[in-house]
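Asker: If you're matching them up, the sequences are chains P and A in order. Residues in the first sequence are numbered from 1 upward in steps of one, following the working numbering. Residues in the second sequence are numbered from 1 upward in steps of one, following the working numbering.
It should be emphasised that the hints constitute simulated quantities derived from the structure, not laboratory data. The reader is advised that the hints may include incorrect statements.
Said to hold, decoys possible - The list that follows gives simulated cross-link-like pairs (lysine to aspartate or glutamate, EDC-like), each with its CA atoms no further than 20 angstroms apart: (1) P:Lys96 to P:Asp153; (2) A:Lys111 to P:Asp148; (3) P:Lys6 to A:Asp298; (4) A:Lys111 to P:Glu136; (5) A:Lys31 to A:Glu409; (6) P:Lys319 to P:Asp227; (7) A:Lys166 to A:Glu429; (8) A:Lys488 to P:Asp153; (9) A:Lys315 to P:Asp115; (10) P:Lys106 to P:Asp135; (11) A:Lys107 to P:Glu136; (12) A:Lys476 to A:Glu412.
Stated by the list, open to error - Here chain P is said to cover these stretches of chain A; the calculated rule only asks that three of the stretch's residues, wherever they fall, bring their Cβ under 8 angstroms from a Cβ of chain P: (13) 185-195; (14) 473-480; (15) 556-570.
To be verified - Just so you have them, the derived chain P footprint on chain A, three or more residues with Cβ under 8 angstroms: (16) 59-71; (17) 212-223.
Predicted, not measured: the structure shown is a model, and the values here were computed from it. We put the beta carbon where it would ideally sit given N, CA and C, even for glycine.
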Amino acid sequence: MSTEHKITTQKVNFKVFRFNADEDYLPYYENYDMEVTSEEVVLDILNRIKWDHDGSFSYRRSCRHGICGACAIKVNGRSTLACKESMNDMVALFGKELVIEPLSIKRAVKDMVIDKADFWEKHDAITPYLVAEIDENPTTENLVSPKDAQKLDEADLCIQCGACHYACPVVEINEDFFGPAAFAAAYRFEADVRDNSESRLKDVNEERQGVWDCVKCFECAQVCPKDIDPIGKITKLHQMAFQEGVANNNVAVRHAVGFKKSIVKNGVLDEGGLVLYSEGPAIVKHLPVAFKMFTKGKIVPPWGITKSENLDEIQKLVKSSSTAKF
Amino acid sequence: MSIPIYTYDAVIVGAGLAGCAAARELQNAGKKVAVITKLHPLRSHSGAAQGGINAAFSDEDSVELHEFDTVKGSDYLADQDAVEFMCKNAPETIRWAEKMGAAFSRKPDGKIAQRPFGGQSSPRACFAKDRTGLTLLQTVYEQAYRVGVKFWDEWYAADIIYKDGKVSGVVAFNIRDMQVAIFNAKTVMFATGGYARAYKINSNAHANTGDGLSIVARHGLPLEDMEFVQFHPSGLSGNGVLISEAARGEGGRLYNAKGERFMEKYAPNALELASRDVVARAILNEIREGRGVGPRKDAVYLDVTHLGKDLIMNKLPELRELAMTFLGLDMIKEPILISATAHYSMGGIPVDIDGHARKNNKEFIEGFYAAGECSCVSVHGANRLGANSVLEALLFGRFVGKTMLKDLESIELRKAVQEDAATALKEIEFLLNNNGNESVPALREELQQCMTANAGAFRTKESLQIAVDTVKELRKRFKNVRLRDKSKLFNTELQEALEFGHMLDYSLFIVESAIAREESRGAHYREDFQNRDDENFLKHTMAYMDKDGNISLDYMDVVLGKHELRERNY
Chain P
1 MSTEHKITTQ
11 KVNFKVFRFN
21 ADEDYLPYYE
31 NYDMEVTSEE
41 VVLDILNRIK
51 WDHDGSFSYR
61 RSCRHGICGA
71 CAIKVNGRST
81 LACKESMNDM
91 VALFGKELVI
101 EPLSIKRAVK
111 DMVIDKADFW
121 EKHDAITPYL
131 VAEIDENPTT
141 ENLVSPKDAQ
151 KLDEADLCIQ
161 CGACHYACPV
171 VEINEDFFGP
181 AAFAAAYRFE
191 ADVRDNSESR
201 LKDVNEERQG
211 VWDCVKCFEC
221 AQVCPKDIDP
231 IGKITKLHQM
241 AFQEGVANNN
251 VAVRHAVGFK
261 KSIVKNGVLD
271 EGGLVLYSEG
281 PAIVKHLPVA
291 FKMFTKGKIV
301 PPWGITKSEN
311 LDEIQKLVKS
321 SSTAKF
Chain A
1 MSIPIYTYDA
11 VIVGAGLAGC
21 AAARELQNAG
31 KKVAVITKLH
41 PLRSHSGAAQ
51 GGINAAFSDE
61 DSVELHEFDT
71 VKGSDYLADQ
81 DAVEFMCKNA
91 PETIRWAEKM
101 GAAFSRKPDG
111 KIAQRPFGGQ
121 SSPRACFAKD
131 RTGLTLLQTV
141 YEQAYRVGVK
151 FWDEWYAADI
161 IYKDGKVSGV
171 VAFNIRDMQV
181 AIFNAKTVMF
191 ATGGYARAYK
201 INSNAHANTG
211 DGLSIVARHG
221 LPLEDMEFVQ
231 FHPSGLSGNG
241 VLISEAARGE
251 GGRLYNAKGE
261 RFMEKYAPNA
271 LELASRDVVA
281 RAILNEIREG
291 RGVGPRKDAV
301 YLDVTHLGKD
311 LIMNKLPELR
321 ELAMTFLGLD
331 MIKEPILISA
341 TAHYSMGGIP
351 VDIDGHARKN
361 NKEFIEGFYA
371 AGECSCVSVH
381 GANRLGANSV
391 LEALLFGRFV
401 GKTMLKDLES
411 IELRKAVQED
421 AATALKEIEF
431 LLNNNGNESV
441 PALREELQQC
451 MTANAGAFRT
461 KESLQIAVDT
471 VKELRKRFKN
481 VRLRDKSKLF
491 NTELQEALEF
501 GHMLDYSLFI
511 VESAIAREES
521 RGAHYREDFQ
531 NRDDENFLKH
541 TMAYMDKDGN
551 ISLDYMDVVL
561 GKHELRERNY
């Protein structure tokens with residue numbers, strides 16, 4: 001029964017981002033050396049800076065146990081939910097020199113506090129509620145089988161902390177892109193058997209703002225403090241777009257469709273054919289590169305493809321597993 | 001500079017379950033509603049509720065049994081008409097939340113799943129894994145957003161406009177730039193949360209500072225049953241973060257340093273699932289008699305290893321994460337360290353079943369309402385049962401919204417004037433400019449330590465007197481405070497100072513009400529008066545604060561009903 005549970009301490013140096021948009025022309029970094037115990041999380045350090053050193057140090061926080069999503073910041077460049085990250089783990093990961101910064105420096109308002117308007121606008125854009133007639137005086141509930149309930153795949157556990165949103169490289173360069181948190185929210189409702197929205201799945205399939213602009217770097221899955229796996233949800237939204245027949249005829253979608261067509265035709269991927277299918281007449285812009293690749297033997301012409309020996313079997317597999325409507 | 005005045009039909013302070021439910025009800029009926037919250041609505045503390053929400057709708061259960069358990073759990077201090085109302089409407093309320101999108105765990109037949117909870121005769125707590133509050137908060141907020149409720153997020157409500165028995169608005173400021181505004185309305189509702197943060201070891205969110213209570217009390221209006229603070233049996237050792245009762249509901253066991261399953265001594269029938277006050281005192285008693293465990297010997301073991309990995313991962317995944325993060329212990333493999341933590345406020349702003357706030361035992365305040373943890377209906381009496389709090393917040397929040405809708409037909413708008421903001425402005429001005437030598441974090445630490453030591457799960461006249469004296473002393477020292485941050489931009493130091501001022505005031509309500517209640521009932525346990533005294537104390541405390549900050553006490557009858565007074569055993 002007995003668990004030997006010891007509390008240890010170690011000395012850590014914190015380099016903390018400071019900025020007051022009303023008063024400072026440029027941000028600066030303040031140094032704090034602290035004895036840190038094995039019981040502490042990153043939020044305890046933020047509290048100690050504020051309470052013991054400088055009352056003007058500002059950050060958002062509330063629940064202090066990883067369920068309200070207020071306190072996401074960056075530690076050594078990695079998005080982190082301050083109240084859920086133990087200091088021991090941080091030191092094990094990054095050593096005893098830790099840099100504490102807001103989630104997005106260009107959006108900094110004061111110290112760790114950032115202007116999150118873009119995050120909430122994206123959240124609002126995906127119809128973030130169950131679209132259903134609400135029975136105000138129900139005598140029974142909707143019957144949802146445990147299997148259907150599981151389809152949400154933990155997307156309902158997202159706490160809107162923004163860790164993934166401000167870690168996403170596409171959000172950084174494309175201001176129309178909804179971002180991984182909004183997609184996880186979209187998936188949460190699209191996967192709900194009770195939802196009747198006719199626009200949400202289309203909205204998240206539009207070019208620039210939608211799932212097709214995801215570059216699949218997996219950063220969102222890496223940093224999510226609740227293991228929501230936003231990239232997994234983005235993939236599922238891709239699949240849903242085909243299943244529901246709402247995928248638009250654009251280059252990204254044709255790329256996916258072309259993949260399948262190539263496999264059905266040859267059992268292997270015809271790369272040149274795939275580009276032609278995806279880009280259409282725009283393929284001319286790729287001709288110089290294609291020519292070079294061809295001369296170096298990197299691609300074969302469509303007539304030179306060797307079909308798979310088991311093409312029959314592959315075609316049967318594709319037929320039995322595909323639900324795409326395109 | 002003139003202060004903007006915004007006019008609404010209804011202004012609601014707090015965007016947790018109660019606030020969002022009321023707002024949706026009003027907006028859906030075409031009223032103009034503003035919700036003021038110092039966080040983003042989705043950060044509200046309702047989202048931290050883990051284990052479940054009660055409704056008697058299984059075949060083996062009945063509404064009457066739910067009533068009985070609630071009344072017994074309350075140690076007979078709950079008003080039975082309010083309890084009947086809540087239990088009767090619980091099934092519809094939960095199904096309504098389900099229809100709006102709440103992601104409940106399901107039984108194989110597709111119905112909402114239920115689990116056993118402490119003090120309940122039947123498995124009655126509907127749940128969404130161990131994050132029931134989160135799905136409910138998300139759902140109610142989402143649907144309130146859907147119908148067009150205007151949320152003023154990151155605004156701090158500093159005062160109400162109260163004159164001549166009538167409330168006609170709220171004074172608030174934008175945390176981002178300290179712009180003060182008056183929200184003028186025919187009806188105002190408080191859904192501002194509870195006051196357990198007055199204690200050092202507590203389970204509450206940083207933001208859940210109970211400001212609403214003393215905002216009301218500073219106008220000479222009463223607070224009810226403030227001595228009743230629930231200590232939850234299972235907070236993580238050291239920081240009090242909650243480990244839901246679901247851990248015991250699913251079969252978790254408690255052991256002391258000698259390896260004894262000590263609840264056999266304290267509650268031979270219900271064991272770990274006796275009501276919370278009983279289990280919390282048992283744990284604290286084991287610790288103070290030297291049978292505590294852990295590095296500080298300030299905890300007992302909570303063991304769920306026998307439940308197996310599948311059940312833990314399926315039904316208690318968040319709890320496992322918490323113990324790993326804060327203790328480095330994996331509950332699949334080993335027992336974790338827990339002890340009692342200040343958790344829930346049974347007392348609050350006195351209201352009737354419809355949510356009308358009381359001016360005194362007989363009269364009501366026009367245009368003012370409260371629901372959720374900041375209110376005292378009273379459905380919890382001296383001790384709340386697990387999974388009744390989210391129910392209360394959601395259910396009464398919604399019904400108070402309906403009450404406000406009805407009342408709006410007859411209430412006249414009293415136009416706000418600039419002077420209505422004077423008190424709030426003066427308070428902010430004082431805190432920003434005062435040049436003393438006391439710091440808020442240091443004073444708050446002293447207050448919280450004192451409350452845990454002297455007004456906690458065990459109380460005596462002497463300990464409570466120490467608490468009274470300490471609070472009064474700290475109040476004096478608070479006048480000598482100095483803030484370092486003079487900026488208008490996101491001044492969270494100012495906000496913490498305002499919150500601490502409120503904490504001082506309502507803490508005095510807690511200890512003054514506790515010292516006068518010379519009996520033990522529910523969560524209020526007096527070692528110098530260990531028995532319940534129905535003859536003298538089967539009544540609600542109604543406490544008032546005068547202009548000088550002194551508390552005076554009055555009492556109000558308990559509404560009794562079909563559930564007769566009995567001795568309370570588990």
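Asker: Output the numbers, in ascending order, of every earlier hint that fails for this structure.
Answerer: 1, 6, 7, 8, 9, 10, 11, 12, 13, 14, 15, 16, 17
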